[in-house]
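S.K.: Start from the sequences, fold in the hints, and give me the full structure.
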Amino acid sequence: MRVGIEVGGTFTDLVAVDGTRVEVVKVPSTPASPDEGAFASLAAAGIDPAAVTDLVHGSTVATNAILERKGAAVAFVTTRGFRDILFFQRHGRRNIYDLRYAKPAPPLRRRDCFEVTERLDAAGAVVTPLDEAAVLADLVPALAAGGYGAVAICLLSAYAAPVHEARLRDLLAERLPGTRIACSHEIAREFREFERASTTVLSAYVQPVIDGYLDRFEATLAAAGFKGGFSVMQSNGGRLPAAAMRRNSITALFSGPAAGVVGAIRQAGRSDRRNLITFDMGGTSTDVCLVVDGEPSVAPETEVDGLPIRTPVLDIATVGAGGGSLVWIDDGGMLRVGPRSAGAVPGPACYGRGGTEPTVTDAHLVRGTIRPDAFLGGTMRLDPDAAHRAFEPIAGRLGLSVRDAAAAAIRLAVANIVRAIQLVSTQRGHDPRRYALLPFGGAGPLLAAEIAEELGITEVLVPPNPGVVSALGLLSADYVKVSGLTRRMPLSAEAPPVLADEFARFRAGAETEFRALGLGGGLDFDLTADMRFVGQAFEIPVAVDPSRLPGLRAADLAADFDAAHRRIYFHGGEPGRQVEIVGLRFGVRRRLDALPENRERPSRAATRDAITVWTPSGPVSARLVEAAAIRPGAPLDGSALVEGYSSTLWLPPGWRVVRDDAGNLLMTRIPA
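Quick note: the sequence shown uses the UniProt record's numbering, first residue 1, plus one each step.
Among these hints, one or two may not hold up.
Below, a list of computed lysine to any residue pairs in the SDA-like style, where the Cα atoms sit at most 20 angstroms apart [as the list claims (entries may be wrong)]:
#1 K227 - P241
#2 K227 - R216
#3 K103 - G306
#4 K227 - G518
#5 K70 - E132
#6 K103 - E303
For the record, the hints were derived by calculation from the structure and aren't laboratory data.
This structure is a prediction, so every number in the text was calculated from the model and none was measured.
M.R.: As structure tokens, then:
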């Protein structure tokens, strides 16, 4: 039995695969102790952990530790003269007209920043040796007196050569037993010292939190007789065994959204759809991602709370427009949706758990696209009166009826999501009309048709059990590790042999590491060169096929760079201008076997012939249809409310849906 458990902001989702049987479960999350929600999902599914052979987990523990400032007490050690780098940051201002603008605050104080005497040049040659005597006499006592749970070491030129960082780590580890130590050359071996320092500090900051969480999780599993493999999802769309995550937990920041994209791609591939806009609307936010030819784009860097983190992540845009996003009126009298969320506690007003503020879920209940006795397949009863009461103050201030106020909130949520999709599509030269929209998450299919109409998209693909696609993605994810290395060199005849040598070095190390993790054999490798014209401030990624390395020429790299530059900037630069390689990125992947077909879980909700849905153009009579009852090849025309266990699909007038042989629901516009 293989099990994927994804802890979201409102619900914890489970997908279990046992042979050809697929089981799905959703239970409320427990924000104070996310692991409790995870084990509650196992109990709700009636799964004995001792019977599980492969457990994959994704959560927001690392992200929440940064956002809530609940990480470890961390010290920062750097080269003398660079103590304030975490506070100076970059000279840019995010809000240029904000007179009270303040740079994002790092998770430590200036008194927690320490210096050591040492210096390497940009090539890694020693300019000033590490002053070990001062480290032992001054730094070690200061760190011991500070009571730090973790130490982040980021020396100025450690990306070029780790000799001083490695020696400093050994000196501290010997004299500060039990203190977790993170080194920049092991976390992000790349230039740009602020981003590297920020990444290293944040990694050290969350590592004890992740270690404690994994310790509790593994102890509970062991007590229940679990003897299978335990893996954790990463932000790059791959997973790694929990043992490997303990060395660099910063890679698990956005595991939930990444898992959703992976699950969506795998499910869409069964319907031969490879160009997608995925749209994951959960309880607290909506995540969108552009997928071209079956591959999501990967960004080399991300941010949490305004702080840069240099680690590969799926290029996902997030907007605060989830089912639990609060609906409110700002100081100017304008209606707003998000980014604050009711979360799992207290949740939307209709949950009856103490929430009184209106949310998008309450708006759906008011307009009729969620039925109070059909939520979670009829296993959770919602309170429509509480939803109406929550919207009354907003309706009064806007001079609208409660139904009109709820409809306005939904239209605003649609507009927010459309803007997020435009960010990853039209603003990057991609026409969304050429892509299929793939909605998932508990609230995604409710808004899919309206979002598609706004963008001119004519095809919407809704997977089975859309509310648990992220948990399915955990099981679908391959084992992946990505490493980066700054290696500056002009693009000349000497460059290809350097690429081949560095790739061979990475490959040998990755094979050894994966064998130690029990993942040897059948590994795929990839290589990307970060390249730019000399004088440019930032580089662009250029994929290099490792099989071409033995005979690769500088002219081949130049042609690949020209093609990539034209694709992004629509021109190839000035003729004859010198090109340079700035860095290399290596990836290793252990692929998994395909999962069995994902079948729709039946709903236990009581059904009626028809209901009334309140749309912007007035009330509409809609049929009620159980999602599991839609058979392949039998079209259904709107208006209809298609109810499943994990999600509800709103099929407005003018739309048609049919289930294909892969189990996906294909929505298209009915020809006029």
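S.K.: Flag every earlier hint the structure violates by its number, smallest first.
M.R.: 5
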